[in-house]
Every structure is written in structure tokens, then in C-alpha cells.
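**Q** Chain residues, written in single-letter form:
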Amino acid sequence: MVKVLYFARLRDQLDCAEEQVMLRDSRNSVAELRQQLAARGEPWLSAMQDENLLVAVNQVIATPDVVVNAGDEVGFFPPVTGG
Amino acid sequence: MVKVLYFARLRDQLDCAEEQVMLRDSRNSVAELRQQLAARGEPWLSAMQDENLLVAVNQVIATPDVVVNAGDEVGFFPPVTGG
Amino acid sequence: MIRIQNEDFSLADEYQALREDAPQIGAIVTFVGLVRDLHNDESVNGMFLEHYPGMTEKVLAQLIEDARQRWPITNARIIHRIGALHASDQIVFVGVNSAHREAAFAACEYLMDFLKTKAPFWKKEQRSTGDVWVDAKASDTERESRWQN
Amino acid sequence: MIRIQNEDFSLADEYQALREDAPQIGAIVTFVGLVRDLHNDESVNGMFLEHYPGMTEKVLAQLIEDARQRWPITNARIIHRIGALHASDQIVFVGVNSAHREAAFAACEYLMDFLKTKAPFWKKEQRSTGDVWVDAKASDTERESRWQN
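Residue numbers (the working numbering), protein chains in the order written: chain A, 1 to 83; chain B, 84 to 166; chain C, 167 to 315; chain D, 316 to 464.
Isolated chain A (complex conformation) (with noise of 0.2 Å):
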């Protein structure tokens, strides 16, 4: 299991903030994880799809080859907007 975050208007999109997801291998890369949530359908296939989604694995900036175990956190973010 990972624990999967939701920020900002993809929250909003969603309607889920946080979510325990169970991984299809014991090894999955980002990009693995994402066509995972994506073949819920929508709005998780437009969502997962978006270009400019951002994931961080474990609060680090992660690439879509990035390998996430189970217990990682991983989160899902719009480009950010602070400052």
C-alpha cells in the first residue's frame, strides 16, 4: 500500500485529499502508478493524463521512472502558485 496525497484544484477535481492505493507490483514506477489510477476512468483518466501534473515520492520532486514501494507517500499537485 501507498499513501496517495491530493492538492489544490486536482483535490478539488477529485473530491479525495488522501487515499491508501495498493500497488499492482511490489515495484511500480511513477508513470506505472499513474496509468493505475487513470484506468479508474474519469476524472482520474484526465487527471493522471494532465501534463503539468507534478508527483513528489516521499515529499522529494519525482521523475516518471521513479520506483515507489509500498509504504511511500506519494503525492499528486498543479504547479505550485506561493509566494
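Hints in this document: simulated from the structure, not taken from any laboratory. Accuracy of the hints is not assured; some may be wrong.
[Claimed, not checked] Computed beta-carbon distance windows for the label pairs:
1. D:D323 - A:C16: 53 to 61 Å
2. D:H401 - A:D50: 27 to 35 Å
3. B:A114 - C:R312: 39 to 47 Å
4. C:D179 - D:M316: 22 to 30 Å
5. C:F214 - A:C16: 31 to 39 Å
6. D:R461 - A:I61: 31 to 39 Å
7. C:R236 - A:D65: 23 to 31 Å
8. D:R461 - B:L136: 43 to 51 Å
9. C:D297 - A:E19: 47 to 55 Å
10. D:E380 - A:E19: 52 to 60 Å
11. A:P43 - D:R385: 43 to 51 Å
12. D:R461 - A:V60: 47 to 55 Å
13. B:Q132 - C:D255: 26 to 34 Å
14. A:Q20 - D:Q339: 28 to 36 Å
[Unchecked claim] Far from chain C, by Cβ distances over 10 Å, these chain D residues were calculated:
15. R351
16. G369
17. W462
[To be verified] Just a few of them, taken from the derived set where beta-carbon distance is under 8 Å, the chain D residues facing chain C:
18. A332
19. R334
20. Q339
21. V344
22. T345
23. F346
24. R383
25. W386
26. P387
27. I397
28. L400
29. S403
30. D404
31. V447
32. E457
33. R458
A quick note: this is a predicted structure, and the numbers were derived from the prediction, not measured. The beta carbon of each residue, even a glycine, is placed where N, CA and C say it ideally should be.
Fit chains B, C and D to the supplied structure of chain A, relying on the hints for placement.
**A** Structure of chains B, C and D alone, referenced to chain A:
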């Protein structure tokens, strides 16, 4: 007559903060005024020949060709070191 | 020093801390961001700021560490507010002290530029036409890229 | 706003004035220069600052005008102290407010860079080896020249 002011290290070198100087002609350039003062001999000679010396006519930085008229204020000073 | 907080902050207090850090400090540069009361032509009545707790602090600590590697700064302080904010409220503070002004200016602007593009904060504006999540600006990404040279 | 004065100044007061200028202000950048207690390896016990009264104010007013021409700033404030100063004393304040941070940062640094090379102030340091007029630094001239691009 022009009012001539000397600042900082230059004032210490010349032991003079302010003086009235009679111009040789009714219209002199900054360069001509420097020559006139240098002709007094040391310490004026060295001070006026210092290539780092700055000159302001009526409180605006002046190049050697700027004309000095009677009644003007001419300031001589070393490179600035404020801030 | 990094703080993420709902409460307002005092520039005077932050400045005092930066001033007392060390006797060789010759330059202190501070930046404060305020809520502007205009968004294009629409009136912005207020905004709500959320962030990613934990990640925000990590990102900002890394930015300060990066700035220390690039410039001889003595210290840097960052405060970012979250929650409900209104027109003219203070949002963000970045302060840097150094022996030299060029390092203090560069590091302060660097920290703000990267905070804008790397720190996980999101603004929702309360406009007269309804609540709107603010879009990221291309100009902020451009400003960040200047530092790659 | 330009002030040349013997008295100390309050960053908090200057910041407050910059903050209250206009509702569309989104960024305030301040710079404060302090007396460092080290000059290379010699101990600097204090310094004395003199200036060219009248010309100083004209030069600083022109620099602010130049900054206004180059960047969309709302206002700029400069304070420079003269007379006797000691280690850790505040020497100079430059503060700029603007709708946008890039203008505020650029104008503040521009004003400091040109103040350093154009405003008629001179420092005499009281060192353990005697009083010494401070030499102008080539690095300051180099920093000024960056703005010609």
C-alpha cells in the same frame, strides 16, 4: 570668481575645504581651471594631476571640456566610497 | 530558519535577528510579498493559501542550502503564511544577511524565484466572480531559468 | 524620499511607509548596509562619513528617477547616514515597492550599485593603525557597469 570646494582625502591633502578662485578668463573649461590650480605647485600640482580626481560643476559631475563661469560652484573630490 | 504559519509576521523582528547574527554582516536584503487587491480587472477580495506540510519545509531547506553553496551568505530566513489572507496582507518573507551586498541581493532573489516554482503552495483567490485556483505563471518559470547560467 | 542624516533610522518605519503607499503593491525589497567590524585583518573601531551637501541629494534624486524610467516601481526611499559610526551601526537604507518583485529587486540593487559609485560620500575608517580614508573599490565600478546592458 568661482566657489571651489574640496572633499575628503583631497581636503586633507590641500588643507583647504573651500576657497574663492579668480578665473583667468571669463570662460574657462574644467581642464583649464585644473591647470590654473596645478600651477600653484605642490600639493596642488599632484592633486590636480591625479587622474582619479572627480570634478562637479554646480553639483553635477563634469568632464574636462565643461565650461566654468563666474559664480559657479566647482567641487573636487576623490572617488566616492559611501554605502 | 523556515516557518510556515497562519499568523502574520513582523519584518522588524526578522530584520533584528538577521542583524544580530554575526559581527561581520555588512548587508541585509529583505523581500516581503503582499496580497495585491487587483487581479487583472477582477476584484480579488481575498485568498486562501494551502501547502503540502512536510514537503514545503524540505524544499525550502534545500533552497537555502543551494543558496549557501552559490553565495557567501551568513544566514537566510523564510516565512510563508497559509490560510485565509486579504488585500495588503503580508504573504511571504525572505531575508538574507552577508558580509557583501551582491551575495545578499542574489541569494534573496534566488530564494524567491525558486520558492515561486518549487515550494508546494497553492493560492485560491476569492474573486467577485467566484473562487478560482490561481494558474502558475510562465514568467515565474522563466525567472527561475535565469539562475542556470 | 531621500534623507541624509546623522541619526539612526528604523527599518520598520521605512517598511511601513513603503507598504502603505498604494493598494496594488505586491513586493517590497529593502537593503540595509551595516558597518562591518573587520577590514581585512585590521580591526576597524569606527568610521566617519562625510558628503557633499546639495550634490548628494541631487545625485540620489536622479538615481531614483532613472530607476523609475527603467522599472515599473511605485516608490523608492533612500536614507544615508553621515558623521561618526561604529561597528554594526546602520549606514544606508534603500527600499523599493512595486506591483512585481522583479522590478523591486532590480531597482533596489540598481540604486545601491549606483549610490556606491555616484553619490558623493566618503568614508574614513578609524583603524588600530590610525585613521585611513577608504579607497574606492574596482568591484563597485564593475557592478555598476552590469546595468549598461
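**Q** Now tell me if each hint is right for this structure.
**A** Checked hints:
1. Between D:D323 and A:C16 the Cβ separation comes to about 56 Å, which falls inside the hinted range of 53 to 61 Å.
2. The supplied range of 27 to 35 Å is broken by D:H401 and A:D50, whose beta-carbon atoms lie about 59 Å from each other.
3. Range check, B:A114 to C:R312: Cβ separation about 44 Å, and the 39 to 47 Å hint holds.
4. Look at C:D179 against D:M316: about 24 Å separates their beta carbons, and that is inside 22 to 30 Å.
5. About 19 Å separates the C-beta atoms of C:F214 and A:C16, a value inconsistent with the hinted range of 31 to 39 Å.
6. At roughly 33 Å, the beta-carbon separation of D:R461 and A:I61 lies within the given 31 to 39 Å, and the hint holds.
7. Taking the beta carbon of each, C:R236 and A:D65 are about 28 Å apart, inside 23 to 31 Å as hinted.
8. Under the hint 43 to 51 Å, the C-beta atoms of D:R461 and B:L136, about 25 Å apart, miss the expected range.
9. Between C:D297 and A:E19 the C-beta distance comes to about 24 Å, which lies outside the given range of 47 to 55 Å.
10. About 58 Å separates the C-beta atoms of D:E380 and A:E19, a value consistent with the hinted range of 52 to 60 Å.
11. Checking the proposed 43 to 51 Å range against A:P43 and D:R385 shows it holds: the Cβ atoms sit about 47 Å from each other.
12. Here the CB-CB span from D:R461 to A:V60 is close to 35 Å, at odds with the stated 47 to 55 Å.
13. Range check, B:Q132 to C:D255: about 60 Å between beta-carbon atoms, so the 26 to 34 Å window is missed.
14. About 46 Å separates the C-beta atoms of A:Q20 and D:Q339, a value inconsistent with the hinted range of 28 to 36 Å.
15. With 10 Å as the threshold on Cβ separation, the claim that D:R351 sits away from chain C is violated: the shortest Cβ distance comes to roughly 4 Å.
16. Against the 10 Å criterion, D:G369 stays outside the reach of chain C, whose nearest CB is about 26 Å from its own CB.
17. Remark: the non-interface label on D:W462 is consistent with the geometry, its nearest Cβ contact in chain C lying 13 Å away (cut-off 10 Å).
18. A hinted interface residue such as D:A332 counts as satisfied when its beta carbon comes closer than 8 Å to some beta carbon of chain C; here the least separation is about 12 Å, so the hint is violated.
19. Using the Cβ-Cβ criterion of 8 Å, the hint placing D:R334 at the interface with chain C is satisfied: the shortest such distance is roughly 7 Å.
20. Interface hint status for D:Q339: upheld, as the beta-carbon distance to the closest one in chain C is roughly 5 Å, under 8 Å.
21. A cut of 8 Å between beta carbons decides the hint on D:V344: the least distance to chain C is about 5 Å, and the hint holds.
22. Annotation: D:T345 was flagged as interfacial toward chain C, and the flag holds, the nearest CB pair being 5 Å apart, inside 8 Å.
23. Nearest Cβ of chain C to the Cβ of D:F346: about 5 Å, under the 8 Å cut. The hint holds.
24. For D:R383, the suggested interface contact is broken, since its CB lies about 19 Å from the closest CB of chain C, more than 8 Å.
25. The restraint placing D:W386 at the interface with chain C is violated, with a minimum CB-CB distance near 14 Å, outside the 8 Å limit.
26. For D:P387, the shortest C-beta to C-beta distance to chain C is roughly 13 Å, which exceeds 8 Å, and the interface hint is violated.
27. Against a cut-off of 8 Å between C-beta atoms, the interface hint on D:I397 is violated, since the closest Cβ of chain C lies about 18 Å away.
28. The beta carbon of D:L400 comes no nearer than 12 Å to any beta carbon in chain C, farther than 8 Å, and the hint placing it at the interface is violated.
29. Interface hint status for D:S403: upheld, as the beta-carbon distance to the closest one in chain C is roughly 6 Å, under 8 Å.
30. The criterion of a C-beta within 8 Å of any C-beta in chain C is not met by D:D404, whose closest approach is roughly 10 Å, and the hint is violated.
31. Checking D:V447 against chain C by beta carbon gives a least distance of about 18 Å; that is not within 8 Å, so the hint is violated.
32. For D:E457, the suggested interface contact is broken, since its CB lies about 10 Å from the closest CB of chain C, more than 8 Å.
33. Because the beta carbon of D:R458 sits about 7 Å from the nearest beta carbon in chain C, less than 8 Å, this interface hint is met.
Hint compliance for this structure: hints 2, 5, 8, 9, 12, 13, 14, 15, 18, 24, 25, 26, 27, 28, 30, 31, 32 are not met, and every other hint is.
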